[in-house]
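If you want the building blocks of each chain, they are given just below.
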Amino acid sequence: MAKAKDIIKLIQKKFKKDIISAEEFRGEAVVKVKKEKLLNLCEFLYKEKKLLFNLLVDVTAVDFLPYDRKPRFDVVYILTSIDNEHRMILKTEVDEGEKVPSVYHIWKSANFPEREVYDMFGIEFEGHPDLRRLLMWPGYEYHPLRKDFPTKGYDFEQTWDPETIKENVIKF
Amino acid sequence: MGIEYLLPEGSIVTTTLEKIVNWGRRNSVWPCTFGLACCAIEMMATSLAHYDIARFGSEVFRPSPRQSDLMIVAGTLTKKMSPMVKRIYEQIADPKWVIAMGACASCGGIFQSYAVVQGVDQVIPVDVYLPGCPPRPEGLLAAIMKIQEKIGKERIHGRPDIITEEDIKKYCKERNIKIAG
Numbered sequence: 001m002a003k004a005k006d007i008i009k010l011i012q013k014k015f016k017k018d019i020i021s022a023e024e025f026r027g028e029a030v031v032k033v034k035k036e037k038l039l040n041l042c043e044f045l046y047k048e049k050k051l052l053f054n055l056l057v058d059v060t061a062v063d064f065l066p067y068d069r070k071p072r073f074d075v076v077y078i079l080t081s082i083d084n085e086h087r088m089i090l091k092t093e094v095d096e097g098e099k100v101p102s103v104y105h106i107w108k109s110a111n112f113p114e115r116e117v118y119d120m121f122g123i124e125f126e127g128h129p130d131l132r133r134l135l136m137w138p139g140y141e142y143h144p145l146r147k148d149f150p151t152k153g154y155d156f157e158q159t160w161d162p163e164t165i166k167e168n169v170i171k172f
Numbered sequence: 001m002g003i004e005y006l007l008p009e010g011s012i013v014t015t016t017l018e019k020i021v022n023w024g025r026r027n028s029v030w031p032c033t034f035g036l037a038c039c040a041i042e043m044m045a046t047s048l049a050h051y052d053i054a055r056f057g058s059e060v061f062r063p064s065p066r067q068s069d070l071m072i073v074a075g076t077l078t079k080k081m082s083p084m085v086k087r088i089y090e091q092i093a094d095p096k097w098v099i100a101m102g103a104c105a106s107c108g109g110i111f112q113s114y115a116v117v118q119g120v121d122q123v124i125p126v127d128v129y130l131p132g133c134p135p136r137p138e139g140l141l142a143a144i145m146k147i148q149e150k151i152g153k154e155r156i157h158g159r160p161d162i163i164t165e166e167d168i169k170k171y172c173k174e175r176n177i178k179i180a181g
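Residue numbers (the working numbering), protein chains in the order written: chain A, 1 to 172; chain B, 1 to 181.
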């Protein structure tokens, strides 16, 4: 079990230039990396014997629209090592309309979370095998977890017509 | 009915067809097994021994809509689920009744959201709205008794939801479907 400091040290040793920030937060390492080097770092985290992050717990995103930050989104990866029993949080910055490389080819469990992020935030993942909406139906125009989307949606006052969902999501 | 053994042998009882049909329908309302959220837990509790929905003839939860008369929409109806609810409702053979169980099914409840249908009456016609979050089993039993009351008053002729030949012709004309023969 490596401590957060050791994890940060190991990462900084190899990716000194590409790390935007690295800090310890409540005993966990939080590392932010440039998205060009995301795949390289992920591969390193997956293969390095002292780290061995072999489980991707979740992929999610944060919208910084109210703060007017230039790269609008943070994509957040929560990683766990089953063998070494430690966790870390990996982040990368992405602006609207830009693409993030998919980590599906390293962790298969990225499949659904990345689809969810694409559905809820509209962040596209390059190299994802099947990038469709996960929760909302196909043809839905908006990305509900973006900060400029109203909680009630745009058609709240209108009567809902089930025919709007033309394509049956579950095939009978 | 309990009094028939007091009658002399060979007696007959006269009644109207309406009354005897409604009596039969009223006391064997079979619900469709369909739970959407936490209200379904209360629905299951209602069907168990303590509250015993069998006292009202509704203990047979059918796994197929084709064998059921009553649809208890128990829980939050999301927009993505709504086509399936409509399909199941359409597969239930006439006559059929619907209970909107709980606040979510009645009006959206606490979910004032882009993903939730604000009341199932936007999707299918509802006979009884049952308030509560979730309603207690007694509430569901009361709703079933309301349904029974409603069935008891029904007329065989002039049911508003009966489909006539003219309705079918109108439906097909609107959708450009050709009728054979």
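Simulated from the structure, these hints should not be mistaken for lab results.
The reader is advised that the hints may include incorrect statements.
[Unchecked claim] Derived lysine-lysine pairs resembling DSS-like cross-links, with alpha carbons at most 27 Å apart: (1) B:Lys-150 x A:Lys-166; (2) A:Lys-47 x A:Lys-70; (3) B:Lys-153 x A:Lys-166; (4) A:Lys-37 x A:Lys-47; (5) B:Lys-178 x A:Lys-166.
Only a predicted model underlies this, so the values are computations on that prediction, with no experimental measurement involved.
Hint by hint, here is what the structure shows:
| no. | hint | in the structure |
| --- | --- | --- |
| 1 | B:Lys-150 x A:Lys-166 | violated, 35 Å |
| 2 | A:Lys-47 x A:Lys-70 | violated, 33 Å |
| 3 | B:Lys-153 x A:Lys-166 | violated, 39 Å |
| 4 | A:Lys-37 x A:Lys-47 | holds, 16 Å |
| 5 | B:Lys-178 x A:Lys-166 | holds, 23 Å |
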